[in-house]
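Asks: One-letter residues, chain by chain:
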Amino acid sequence: MISFYAAHSKLIDEIGINALLALSLSISLRAGSLALAQAAFMGIAGYVSALGAVRYGWNLAEAALAGALAAGAVAALLALPIGRLRGVFLAIATIGFGEIARIIEINLKVTGGAEGFSGIPNDANTLSIYGTLALVGTVLWLIGRTKFALAVAATREDENAARGVGINVSAVRMTTLVAGACVAGLAGALYAHANFFITPGDFGFPRMEQILVACVVGGVTSSIGAALGALLMTVLPELVRFLHDYREVSTGAILLGIILFAPGGIAGLWQRRT
Amino acid sequence: MLVQQLANGIFLGAVYALFAIGYTLIFGVLDILNLAHAAIFMLAAFIALSLAAAGLPLFAAIAIAIVAAGLLGILLDRVAFAPLRRRNAGPLVPLISSIGAAIIMQGIARGIWGPEEQRFAASALTTAEFHIGALTVGALDLIVLGIALAFMAALSYVVRSTALGRSIRAVASDRVAAAFLGVDLERTIALTFFIASALGGAAGILIGLQYNSVSIDMGSRIELKGLAIIILGGMGSVTGAVIGAFILGAVETLSVAFISSSYRDAIAFGVMFLILVFRPTGLLGKRALRAA
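Protein sequences, first through last, are from chains A and B.
30 is the number of the first residue of the first sequence in our numbering; add one for each residue after it.
2 is the number of the first residue of the second sequence in our numbering; add one for each residue after it.
Simulated from the structure, these hints should not be mistaken for laboratory data.
In this text, a Cβ means the ideal position worked out from N, Cα and C, and glycines have one as well.
Fair warning: there could be bad hints in the mix.
What the hints assert, rightly or not - Sample of chain A residues lacking proximity to chain B, with all beta carbon distances greater than 12 Å (derived):
1. I111
2. G116
3. N224
4. Q239
5. V242
To be verified - Residues from chain B shown here face chain A by an in silico Cβ test under 10 Å; the list is partial:
6. L36
7. L85
8. A178
9. A179
10. L182
11. L186
12. S221
13. Y264
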């Protein structure tokens, strides 16, 4: 057991962080907003927490909190201009935002530019990652039992009807965006402190696609689903080593298969059985 | 200098335009943002490269690769989008489906051709240059521009003056009404995908030739820029995509000369973001598909 952990601790940590990221995306998706900026929020928080730890000696908790708050603040600012956008246009606007953030990161001297930022204290261990995951999961579960969760679901199902019964759709969408950004921020800070080196390329569109895939495969509106999706998609490349350069095909095939045959994801499949 | 940069901008813009047309055509007709378009762009370049390396004359290799790209587009529709149409999935589902297809295509390409950047045999490409006054223009650039313009003209003709073009416009305008009026939906959609993907593939081949570089990630580099272009031009408007592409090509080459190149890409996305916030229909909006 211990040796299994020792041999695979990096992978296990990666699964935890990817699960947090998938969870963060599922928050926005639950409100029906395809807001594809999680990778960017992850990056912003990653850099903020890294800078804080290296320059001001923050410990992990302080750095993570600062990162999450920074991400949340940026999300709140972002929500204002894009609040009216829906569907594909919202997706594209958030992708554009992500690219702008990445290019800024490449150009800022203080973040090390394209070569990245190194020397981050390696103080995020498996316990802190999974502890955060458990905490976030629990908070989401608790919120899931409140009226707010119903408002979120209503917004997703039929926005106009939701507005008709008095739900403040704009507020719901902004809240889910900011909340998702904060969780992504936590993941970003943990990521930075788990690898002592980050580059802007870590937080670009490929990362965003990765998060989206994990979320969709697991089931977009379920926390457990998001976590399971992250687990499967993180472990998958290791399982299909024998495919060598063809490895990606398995990722794409699973995503396509889920979309075509099981759109509710793994969580959806489970619900259908019971 | 300015004129030289403008000329470079036009060459770049022409290829961007070919790519963006395919992107916006599918969105205009089917309301699908096809993120696998860039994968076909990349695959076509590799196919052309391999055919040329196998000994085919360059023009034959290019022509076959373009047709192959078109067929790939039809296959893509059959596998990733048609089943979703049948079950009336929501508007964002095809987007995710296209991502799955794109990942599969990238995986296959990486398996077949490997992750390294590859080049056309030097003998296949002409390095002749022309000097017109202060301008230096490569023969290759002119050929690329010529092919791109020819394709755009052909598309314009098809959309404006053929029965297929009328069907495409009808489906873009109102799919259900078009079906009622006897338009063969699946055939029209398949042909739309053929055209869009063939154009995208042509763009990939031409860019691969122009910079003599073909690699797995060439698709991801242009994919997001393509988004900026079609937003600028107006999603669904072919003319808008062309205009947007030339504007972006000009801005990119000019900004490298006059502003720091590192923020160059940010300009495209910044403009795109502003347009989405203030004028989401872009320059020419969706209705303009009728006036290609």
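Asks: Classify the hint on A178 (chain B) as holds or violated, based on whether any CB of chain A lies nearer than 10 Å to its CB.
Replies: Hint violated; A178 (chain B) Cβ to chain A Cβ min 22 Å, cut 10 Å.
Asks: Given L182 (chain B) was flagged as interface, is its beta-carbon under 10 Å from a beta-carbon of chain A?
Replies: violated, 27 Å
Asks: Using Cβ atoms only, decide whether L186 (chain B) comes closer than 10 Å to chain A, and label the hint accordingly.
Replies: violated, 20 Å
Asks: Verify the interface restraint on L36 (chain B): the C-beta must sit less than 10 Å from at least one C-beta of chain A.
Replies: holds, 9 Å
Asks: Confirm or reject: Q239 (chain A) is not an interface residue toward chain B, with every Cβ-Cβ distance exceeding 12 Å.
Replies: violated, 10 Å
Asks: Does I111 (chain A) sit more than 12 Å from chain B, CB to CB?
Replies: violated, 7 Å
Asks: Close enough to count: is the Cβ of Y264 (chain B) nearer than 10 Å to one in chain A?
Replies: holds, 6 Å
Asks: Far enough from chain B: is every CB of that chain over 12 Å from the CB of N224 (chain A)?
Replies: With a cut-off of 12 Å, N224 (chain A) remains clear of chain B, as the shortest Cβ separation is near 22 Å.
Asks: Given A179 (chain B) as an interface hint, is its Cβ closer than 10 Å to any Cβ of chain A?
Replies: violated, 22 Å
Asks: Quick check on L85 (chain B) please, does its C-beta sit within 10 Å of some C-beta on chain A?
Replies: Interface hint status for L85 (chain B): holds (8 Å vs cutoff 10 Å).
Asks: Run the C-beta distances from V242 (chain A) to all of chain B and say if the shortest one exceeds 12 Å.
Replies: V242 (chain A) not clear of chain B: closest Cβ-Cβ about 7 Å, inside 12 Å.
Asks: Going by Cβ atoms only, is S221 (chain B) closer than 10 Å to chain A?
Replies: holds, 7 Å
The structure fails hints 1, 2, 4, 5, 8, 9, 10 and 11 (numbered hints given earlier, in ascending order).
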